[in-house]
Amino acid sequence: MIGLLVTLVVVPGAIGDLLNSAGMKRHGEITDWSPLGLLRLSRDLLHNFYIMASIPAMAISFFALMALLSASDLSFAVPITASSYILETALAKYYLKERVDWRRWVGTTLVAIGIACLSI
Amino acid sequence: MDLRSPVLRPPEGRSWHKHTIIGKTVIVSLIVIATNVIGNYALKRGLSQIGGVESWSPMPYIHAFLHPWVGIGVIFMFAWLTSRLSLLSWADLTYVLPVTSFSYVLSAIIGAIYLNEQVSNLHWAGISLITVGILLVVLTYPETTDEHGPLTDSDHENRMIE
Numbered sequence: 001m002i003g004l005l006v007t008l009v010v011v012p013g014a015i016g017d018l019l020n021s022a023g024m025k026r027h028g029e030i031t032d033w034s035p036l037g038l039l040r041l042s043r044d045l046l047h048n049f050y051i052m053a054s055i056p057a058m059a060i061s062f063f064a065l066m067a068l069l070s071a072s073d074l075s076f077a078v079p080i081t082a083s084s085y086i087l088e089t090a091l092a093k094y095y096l097k098e099r100v101d102w103r104r105w106v107g108t109t110l111v112a113i114g115i116a117c118l119s120i
Numbered sequence: 001m002d003l004r005s006p007v008l009r010p011p012e013g014r015s016w017h018k019h020t021i022i023g024k025t026v027i028v029s030l031i032v033i034a035t036n037v038i039g040n041y042a043l044k045r046g047l048s049q050i051g052g053v054e055s056w057s058p059m060p061y062i063h064a065f066l067h068p069w070v071g072i073g074v075i076f077m078f079a080w081l082t083s084r085l086s087l088l089s090w091a092d093l094t095y096v097l098p099v100t101s102f103s104y105v106l107s108a109i110i111g112a113i114y115l116n117e118q119v120s121n122l123h124w125a126g127i128s129l130i131t132v133g134i135l136l137v138v139l140t141y142p143e144t145t146d147e148h149g150p151l152t153d154s155d156h157e158n159r160m161i162e
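Taken in order, these protein sequences are the chains called A and B.
Quick note: the first sequence uses our numbering, first residue 1, plus one each step.
Quick note: the second sequence uses our numbering, first residue 1, plus one each step.
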């Protein structure tokens with residue numbers, strides 16, 4: 001059960017992150033943080049295909065995280081979900097065309113290893 | 001891969017633009033980290049008091065939202081989501097992911113202090129690795145793409161003219 005919950009947190013979370021990033025790049029920077037501005041933001045995001053596509057993925061990941069948090073320690077549940085970092089970095093490089101130099105690869109790998117250490 | 005690619009650093013003589021991008025990236029990253037840590041802590045505390053919601057039915061989750069700590073957790077997770085979306089509107093995903101992972105370090109420390117969870121020597125090693133990894137990523141320029149794809153030097157110039 002724990003393994004399934006971890007998979008349901010990680011895989012849809014990675015897909016949701018990629019879609020969120022693509023969608024927000026197309027939307028542009030959020031500059032109006034007033035209540036009216038946030039309403040306009042919500043309206044714009046409702047018409048953003050990438051953001052809308054990311055919602056089901058993020059919802060699955062979020063509810064799986066809630067279930068995981070209730071079934072395990074915080075110091076296990078939160079760090080284990082970072083196992084998707086290297087996968088997401090590779091996907092972002094090839095699908096989002098981000099420039100990933102050696103510092104990002106090494107830094108992300110160290111972070112992933114560090115998170116694995118935290119989850120043991 | 002050209003490690004000296006000019007795209008990874010802002011154009012020469014335009015330091016104000018560099019400082020603006022890096023400054024707002026640092027501030028919003030800190031907000032993302034703080035809201036994530038507080039949200040996770042509140043959710044864990046609330047769910048522990050409820051006794052768990054391990055179910056495929058949505059009803060236990062909806063019922064859990066009525067608990068004060070879970071409610072606070074959900075509010076902070078909403079703030080986390082919004083601030084993270086804002087950060088992703090200009091910063092790379094491959095920058096945001098590792099940098100905001102500092103929340104894992106803070107979560108482990110808060111778990112140890114307030115939830116009496118154990119932090120072993122291995123945990124401290126993990127915390128050190130994460131910190132070094134973040135420092136490496138922070139050395140890169142946060143924005144290398146926009147909605148049209150990879151940014152070039154001329155893209156940077158055009159943005160500064162605007």
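Just so you know, these hints were derived from the structure itself, not from any lab.
Yeah, the Cβ is synthetic: ideal placement off N, Cα and C, and Gly gets one too.
There's no promise every hint is true.
What the hints assert, rightly or not - The following label-pair restraints were derived from C-beta to C-beta distances: (1) A:49 <-> B:114: 26 to 34 angstroms; (2) A:46 <-> B:19: 32 to 40 angstroms; (3) B:50 <-> A:31: 15 to 23 angstroms.
What the hints assert, rightly or not - Examples of chain B residues lying across from chain A (beta carbon under 8 angstroms, computed): (4) 21; (5) 94; (6) 150.
Unchecked claim - From the structure, some residues in chain B lie toward chain A, with a derived Cβ separation under 7 angstroms: (7) 27; (8) 59; (9) 62; (10) 65; (11) 67; (12) 72; (13) 85; (14) 92; (15) 106; (16) 113; (17) 117; (18) 123; (19) 126; (20) 133; (21) 142.
How the hints compare with the structure:
no. : hint                               : verdict
1   : A:49 <-> B:114: 26 to 34 angstroms : violated (41 angstroms)
2   : A:46 <-> B:19: 32 to 40 angstroms  : holds (35 angstroms)
3   : B:50 <-> A:31: 15 to 23 angstroms  : violated (39 angstroms)
4   : 21                                 : violated (11 angstroms)
5   : 94                                 : holds (5 angstroms)
6   : 150                                : holds (5 angstroms)
7   : 27                                 : violated (13 angstroms)
8   : 59                                 : violated (12 angstroms)
9   : 62                                 : violated (11 angstroms)
10  : 65                                 : violated (10 angstroms)
11  : 67                                 : violated (12 angstroms)
12  : 72                                 : violated (14 angstroms)
13  : 85                                 : holds (5 angstroms)
14  : 92                                 : holds (5 angstroms)
15  : 106                                : violated (10 angstroms)
16  : 113                                : violated (12 angstroms)
17  : 117                                : holds (5 angstroms)
18  : 123                                : holds (5 angstroms)
19  : 126                                : holds (3 angstroms)
20  : 133                                : holds (3 angstroms)
21  : 142                                : violated (11 angstroms)
The structure fails hints 1, 3, 4, 7, 8, 9, 10, 11, 12, 15, 16, 21 (numbered hints given earlier, in ascending order).
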